[in-house]
Structures are given as C-alpha cells and as structure tokens.
Amino acid sequence: FSSSRDSITDQELLELSEQLYGLDRNKARPGDVTINPQHRAGPDETGDKRDRSPQPLYKYVNEELFSKPTYASFIKLLDNYQRATGREEEVTAEELREQDRFLEEVMETELMKELFAFLRGKKRYGSEQEFVQDLKEMWFGLYSRGDGERDSSGFEHVFSGTAVPGAGPWAAPGRGLTPGSPLCSGEVKKGKVSGFHNWIRFYLLEKQGVVNYFSHNFDGP
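Under the numbering used here, the first residue of the sequence shown carries the number 96, and numbering increases by one thereafter.
All clues stand as given, with none of them false.
Now the in silico label distances, taken between C-beta atoms and shown as ranges:
{"no.": "1", "residue 1": "Ser112", "residue 2": "Lys154", "range": "24 to 34 Å"}
{"no.": "2", "residue 1": "Lys163", "residue 2": "Ser102", "range": "33 to 43 Å"}
{"no.": "3", "residue 1": "Ser102", "residue 2": "Ala188", "range": "39 to 49 Å"}
{"no.": "4", "residue 1": "Thr187", "residue 2": "Arg145", "range": "36 to 46 Å"}
{"no.": "5", "residue 1": "Asp127", "residue 2": "Gln303", "range": "12 to 22 Å"}
{"no.": "6", "residue 1": "Arg145", "residue 2": "Leu214", "range": "46 to 56 Å"}
{"no.": "7", "residue 1": "Lys154", "residue 2": "Thr104", "range": "36 to 46 Å"}
{"no.": "8", "residue 1": "Gln150", "residue 2": "Leu118", "range": "33 to 43 Å"}
Keeping only pairs whose Cα atoms sit at most 16 Å apart, straight-line, the calculated EDC-like set for lysine to aspartate or glutamate is:
{"no.": "9", "residue 1": "Lys208", "residue 2": "Asp229"}
{"no.": "10", "residue 1": "Lys217", "residue 2": "Asp101"}
{"no.": "11", "residue 1": "Lys163", "residue 2": "Glu205"}
{"no.": "12", "residue 1": "Lys217", "residue 2": "Asp105"}
{"no.": "13", "residue 1": "Lys302", "residue 2": "Glu158"}
{"no.": "14", "residue 1": "Lys154", "residue 2": "Glu301"}
{"no.": "15", "residue 1": "Lys208", "residue 2": "Glu223"}
Read the hints as simulated data drawn from the structure, not as lab findings. Fair warning: this is a prediction, and the values are worked out from it, not measured in the lab. We put the CB at the ideal spot given by N, CA and C, even for glycine.
Let's have the full structure, built from the sequences with the hints guiding it.
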C-alpha cells in the first residue's frame, strides 16, 4: 500500500493544502459575508450566559451561494440527525441518497479531483470509487460517543449543532453554545451542544431566530 517512495511529507501536505485552497471556486468571496462581532468577552465573561451583543452576528450573507450544487446538497443534510447523544441514529433511504448526492457534487469540484489525483499518485487509492467510499465512511459512518449506541458521525458533530424551533433560542456565549431550553436538537451531550463548527448552519439558525449570538472571545488570526 505504501513505501518510502510514495510516503507523504509534511512539506507536500503544506503545498497540497495551499493548492486546494486556491482551487476552491465555491468559497465565499470578499463581500459575500459580512459579520458584526460586537462584544469581545473577557475570560471572566465567557460562561456567564449574558447577551452582550444585541445585534445578530451576521449583517449580510449573499444567499446566491446556497444555490451552488455543493451548498444546496450540503444544506439538505443538516436535518438528518437525532439531536441528543445516546440515541441510535436511524438512517433512511432518502438520507442515504442525500449523502450520495453531496459526495457526487463534491467530487465534481476541481479541489476534490486534485486531492484524489494526489492520493492516487501516492498509491493510496486505485479508483475514485474506493476514495469516495472512504469519504462516506469518514464523514457519515456512525460511531458511539460513550453509551454504546451508534449515535454520532463526523459530519453531525462538526456541522449539525442546533435547537428545535420553538424550543427557545440557543445562546452563544464566547465560543460555546448552551441550550436556552431543555428541548434541544443537534448533537447535545450533557445539556450542551457538541461540535457545531459551520458558519452556514449558524447563519441559517440565527436567521430563523433559533440561535442567539452573545459574544466572541477570539478575533482570529
């Protein structure tokens, strides 16, 4: 499967990541997204659950982005998950089709074609089908978060933290999210949201009034 001749160095990974970033034609451009960070919370404020930012985080998002095939197929996946850890996921035939559609759209991009070409050149994969099957398992394969039930996936953890509309808003103090009501959805563990790292998901829920932005505690690089 691999030898010293086709090993992957840190430098190659760095160069590949830069190349892939440049090939991402679908990413939001300057002007597509405008945020209003407002209050930066200090260390003694991040857990106090006070709303120190009266305005939404997002001032403007160019929603034409969401009509692009990768965005549209991604958004369809967001409501496919049980909301609390410890409950076995039930994956329907329709949800499996949505997963496959998302993977198909992703593999049509220049970015993923280049990634596959690199990995094939390094003898990691012999066919695109093999590569896609691994992606599906890595992103959508179910595993347990500690209670023995297959209750989570990489995709759910990263992208799907939410609250049920009508169950009360979710507060976002600093970097964490805390349910404003016990009737929560998304990946919830011990009463708190786990994961939820995607800007599209946050924007859509904030627009619906489901998520309430409190503050931030890091200004980024």
